[in-house]
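Position chain R against the provided structure of chain V, taking the given hints into account.
In the order they appear, the protein sequences are chains V and R.
Each step along the first sequence adds one to the number in my numbering, with nothing skipped, and position 227 is 227.
Each step along the second sequence adds one to the number in my numbering, with nothing skipped, and position 80 is 80.
Hints should not be assumed to be uniformly reliable.
Listed next, the in silico DSBU-like pairs over lysine-lysine satisfying Cα-Cα at most 35 Å (straight line) [to be verified]:
| hint | chain 1 | residue 1 | chain 2 | residue 2 |
| --- | --- | --- | --- | --- |
| 1 | R | 76 | R | 23 |
| 2 | R | 11 | V | 91 |
| 3 | R | 23 | V | 324 |
| 4 | V | 91 | R | 23 |
| 5 | V | 131 | V | 142 |
| 6 | V | 91 | V | 142 |
| 7 | R | 76 | V | 324 |
| 8 | R | 11 | R | 76 |
| 9 | V | 91 | V | 324 |
| 10 | V | 324 | R | 2 |
| 11 | R | 66 | R | 76 |
| 12 | R | 76 | R | 2 |
| 13 | R | 23 | R | 11 |
| 14 | V | 324 | V | 142 |
Some but not every residue of chain V turned toward chain R, in silico, with C-beta under 10 Å [stated by the list, open to error]:
| hint | residue |
| --- | --- |
| 15 | 108 |
| 16 | 162 |
| 17 | 180 |
| 18 | 184 |
| 19 | 187 |
| 20 | 189 |
| 21 | 198 |
| 22 | 199 |
| 23 | 200 |
| 24 | 316 |
| 25 | 318 |
| 26 | 321 |
It should be emphasised that the hints constitute simulated quantities derived from the structure, not laboratory data.
Glycine included, every Cβ here is placed at the ideal spot set by N, Cα and C.
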Amino acid sequence: MIGYGNSVFLRTAWEVSSGGTPPANTVAPVISGTQVVGSTLTSTTGTWTGTPVIVYTYQWFRGATLIGGATSSTYVLVQADAGNASNITCKVTGTNAFGNATATSNTLAQIFDFDAQAFITSATITDTTQKAATNSLTIDLKGYSVWTKMKALYPFIGSTATTMKWNLKDPRDLDAAYRLLFIGGGTWDANGYRPNGSNGYADTRFVPSTILNVNSNSLGYYTGSNIVETDLDPIPIGSLNSASQAFILGKTNTTFISRVNGNLVSFLTTAMRGFFSASKQTSTLTDLYVNGAQVATGNSGGTLPNLNTWIGALQIGSGYGFVKNDFRFAYISDGLTDTEVANFYTAVQAFQTTLGRQV
Amino acid sequence: MKLRELTAEQKITYVGLLTELQKDELIGQLYAPDSYFNPIQDLNDNWVISIEEIEQCVNPDFLWVKDLEMIPYEPKPTPPPFE
Numbered sequence: 001m002i003g004y005g006n007s008v009f010l011r012t013a014w015e016v017s018s019g020g021t022p023p024a025n026t027v028a029p030v031i032s033g034t035q036v037v038g039s040t041l042t043s044t045t046g047t048w049t050g051t052p053v054i055v056y057t058y059q060w061f062r063g064a065t066l067i068g069g070a071t072s073s074t075y076v077l078v079q080a081d082a083g084n085a086s087n088i089t090c091k092v093t094g095t096n097a098f099g100n101a102t103a104t105s106n107t108l109a110q111i112f113d114f115d116a117q118a119f120i121t122s123a124t125i126t127d128t129t130q131k132a133a134t135n136s137l138t139i140d141l142k143g144y145s146v147w148t149k150m151k152a153l154y155p156f157i158g159s160t161a162t163t164m165k166w167n168l169k170d171p172r173d174l175d176a177a178y179r180l181l182f183i184g185g186g187t188w189d190a191n192g193y194r195p196n197g198s199n200g201y202a203d204t205r206f207v208p209s210t211i212l213n214v215n216s217n218s219l220g221y222y223t224g225s226n227i228v229e230t231d232l233d234p235i236p237i238g239s240l241n242s243a244s245q246a247f248i249l250g251k252t253n254t255t256f257i258s259r260v261n262g263n264l265v266s267f268l269t270t271a272m273r274g275f276f277s278a279s280k281q282t283s284t285l286t287d288l289y290v291n292g293a294q295v296a297t298g299n300s301g302g303t304l305p306n307l308n309t310w311i312g313a314l315q316i317g318s319g320y321g322f323v324k325n326d327f328r329f330a331y332i333s334d335g336l337t338d339t340e341v342a343n344f345y346t347a348v349q350a351f352q353t354t355l356g357r358q359v
Numbered sequence: 001m002k003l004r005e006l007t008a009e010q011k012i013t014y015v016g017l018l019t020e021l022q023k024d025e026l027i028g029q030l031y032a033p034d035s036y037f038n039p040i041q042d043l044n045d046n047w048v049i050s051i052e053e054i055e056q057c058v059n060p061d062f063l064w065v066k067d068l069e070m071i072p073y074e075p076k077p078t079p080p081p082f083e
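Isolated chain V (complex conformation) (with noise of 0.2 Å):
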């Protein structure tokens, strides 16, 4: 009625003397579109009785949470909407001269990250519950502030090694983008990739004295195998071209050891399972954390190494320490500090819960 000025009396009068009648819905709006961050949704009106003329009003809600500023038809989806239970609505209101009426639209539940949903599509993953913990990793991770350090991530998630070579980072097809080239023997499960301890590896093409900063720099995995691993010197994650040009994570039944870029750093434990990592954030200094905790320092210097990374073994020029373990996650990133590596942690073992294949 707004700007009707005095029409407004006239034209009620005129509008009950004919039989005018408030806004009802009948059908509920519907609002559509692709479920993922920076798309754009549409509400209809839904079916309206009501004269004279209708006119609608939207605002669009983030569960119960009004979103400032979306009162047109469109809503582009943002970050904040991104998850499986974000429930975006559009709340619709007819107005005419005898009165309004709200309408609420059917709710979106899940929004899908953009790029978890990139990840998604190019892993080919159409079961519920992994789309759904590829998502929530993904949202955490950026809501950790850790996923701008992260280099390669690789879930290891469906079944074959055609869904688990992808780095959720950047899912493409390419050695350039990290996407895992699987060599030799190996089996693929719910349980993620194990290779064979014998002649299996899966090579990121990650070359660590390219692509990282010698005094930040960080690596690790997470397993669920209580595997004792027969070679001497077993190495899960790892490149090396001499004792001071190394990116390493080892782990023997007694030892858990990392030499990156210099020298060994190493914590008695007998613990095999669990998410183990390493971390470099200055130029002396390497932390070892295990699931998320750190539990030793030690210095460290040298360089880089120039050889790729390679999972399931180190890389000397050929193949050393294969191990048989299964890798349920592996990252390669810029150096994170203790907070960052809890954090993590925290968004990984969520991500194996939701896949129940957590430690």
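Okay, now just chain R, sitting in the frame of chain V:
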């Protein structure tokens, strides 16, 4: 001994024996989607591939690996790369 003659226990430790020519033919080739053969040398310098590569091979060009002679795997010791 052929793959089909191995017991479940033997399958854990046996590998497929390759000739030099067969090794050259397999290098860089897919045995299944996104999975590449990786012939390696054992303690006696025999070229071998793993049982996983043989069992999972679906590449029609290399199905002959399923008929390879199987031998016990004896890994070649390699010195630690550091320490």
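* To do: Please verify that hint: residue 180 (chain V), Cβ, nearest Cβ of chain R, below 10 Å or not.
  => Holds - the Cβ of residue 180 (chain V) comes within 10 Å of chain R, reaching about 8 Å at its closest.
* Should the hint that residue 200 (chain V) touches chain R count as held when the rule is a Cβ pair under 10 Å? -> Nearest chain R Cβ about 7 Å off; hint holds.
* Are the Cα atoms of residue 23 (chain R) and residue 324 (chain V) separated by 35 Å or less? -> The given pair, whose Cα atoms are some 24 Å apart, holds under the 35 Å limit.
* Report holds or violated for the interface hint on residue 187 (chain V), using the least CB-CB distance to chain R and a cut-off of 10 Å. => holds, 6 Å
* Between residue 11 (chain R) and residue 91 (chain V), does the CA-CA distance stay at or below 35 Å? -> With Cα atoms ~64 Å apart, residue 11 (chain R) and residue 91 (chain V) exceed 35 Å; violated.
* Asked: Does the alpha-carbon distance linking residue 324 (chain V) and residue 142 (chain V) stay inside the 35 Å limit?
  -> Holds, because 31 Å separates the two Cα atoms, which is no more than 35 Å.
* Asked: When you check the alpha-carbon spacing of residue 131 (chain V) and residue 142 (chain V), does it fall within 35 Å?
  -> holds, 17 Å
* Was the hint right that residue 199 (chain V) lines chain R, CB cutoff 10 Å? -> holds, 5 Å
* Holds or violated: residue 162 (chain V) as interface residue toward chain R, Cβ cutoff 10 Å? -> holds, 5 Å
* Holds or violated: is there a CB of chain R closer than 10 Å to the CB of residue 184 (chain V)? -> The hint holds - residue 184 (chain V) has a Cβ within 10 Å of chain R, the shortest such distance being about 3 Å.
* **35 Å Cα cutoff - pair residue 76 (chain R), residue 23 (chain R)** => holds, 17 Å
* Restraint check for residue 23 (chain R) with residue 11 (chain R), where alpha carbons must lie at most 35 Å apart -> holds, 21 Å
When held up to the earlier numbered hints, the structure conflicts with 2, 4, 9, 15, 20 and fits the remainder.
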